[in-house]
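Student: Sequence:
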Amino acid sequence: LVLDVDRALDRIFAAASQPEPRAVRAPQRAAAAPRQAEIRERVLVSFEADREEYAVPIASVREIVALPAAVSRVPHARSHVLGVVTLRDRLVPLVSARALLGLPPEPPGQRAKVLVLSVEGEATVGLVVDQPREILRVHEDAVEPMPALLARDISGDIEGICRLDGGRRLGSVISP
1 LVLDVDRALD RIFAAASQPE PRAVRAPQRA AAAPRQAEIR ERVLVSFEAD
51 REEYAVPIAS VREIVALPAA VSRVPHARSH VLGVVTLRDR LVPLVSARAL
101 LGLPPEPPGQ RAKVLVLSVE GEATVGLVVD QPREILRVHE DAVEPMPALL
151 ARDISGDIEG ICRLDGGRRL GSVISP
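All letters in the sequence shown, in the order written, are residues 1 to 176 by this note's numbering.
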């Protein structure tokens, strides 16, 4: 599974720029009212880790690939660093989303996926997740900052909490 970010963004913005059909022509005063396109949205790629939902900004996602069978371990690396792989003639460090988030390790035999992310400009890192879910378009007001009580404990890894499906689902938005 490979996500072509440029193509996905082109489709999203093309759909957003198309005018909605109207049966009755609106009076000219209505033109001064804010347009639907002016509502700020976030486009996110959601994924699962330990049956919880998380998301990263789509602008950070280069592609989604299967976890390679051969991962070269790095001596003296932190516990969340799984190793490095070669992907498209580049070395890509792999980081476990579960370990970063303080979740239990992956069960044996699970078929993990890798979200290849751009971080800090040209740097690339592979975030190993249980399962990618979907591309989300959420209104800016559906993403709330972390509550102050929790924000102290996570040191900026999570940008906020996203309310999905009218608040029936919650997803943490991770800062790349």
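Check before you lean on any hint, since a few could be wrong.
As the list claims (entries may be wrong) - Here are the in silico distance ranges between beta carbons for each label pair: (1) Glu120 to Arg7: 37 to 47 Å; (2) Pro104 to Ile161: 17 to 27 Å; (3) Arg40 to Asp165: 34 to 44 Å; (4) Arg40 to Ala69: 33 to 43 Å; (5) Ala69 to Glu140: 18 to 28 Å.
FYI, nobody ran anything at the bench for these hints, they're computed from the structure.
Ideal Cβ placement from N, Cα and C applies to all residues, glycine included.
Student: So, for every hint listed, does it hold in this structure?
Tutor: Structure-based check of all given hints:
1. Our hint of 37 to 47 Å for Glu120 and Arg7 is violated, since their Cβ atoms are close to 25 Å apart.
2. Taking 17 to 27 Å as the suggested C-beta distance range, the pair Pro104 and Ile161 conforms, at roughly 21 Å.
3. For the hinted restraint 34 to 44 Å between Arg40 and Asp165, the CB-CB distance of approximately 20 Å leaves it violated.
4. Between Arg40 and Ala69 the C-beta distance comes to about 42 Å, which sits within the given range of 33 to 43 Å.
5. In this structure the supplied range 18 to 28 Å is violated for Ala69 paired with Glu140, their Cβ-Cβ distance being about 40 Å.
Hints 1, 3 and 5 from the list above are not met by this structure, while the remaining hints are.
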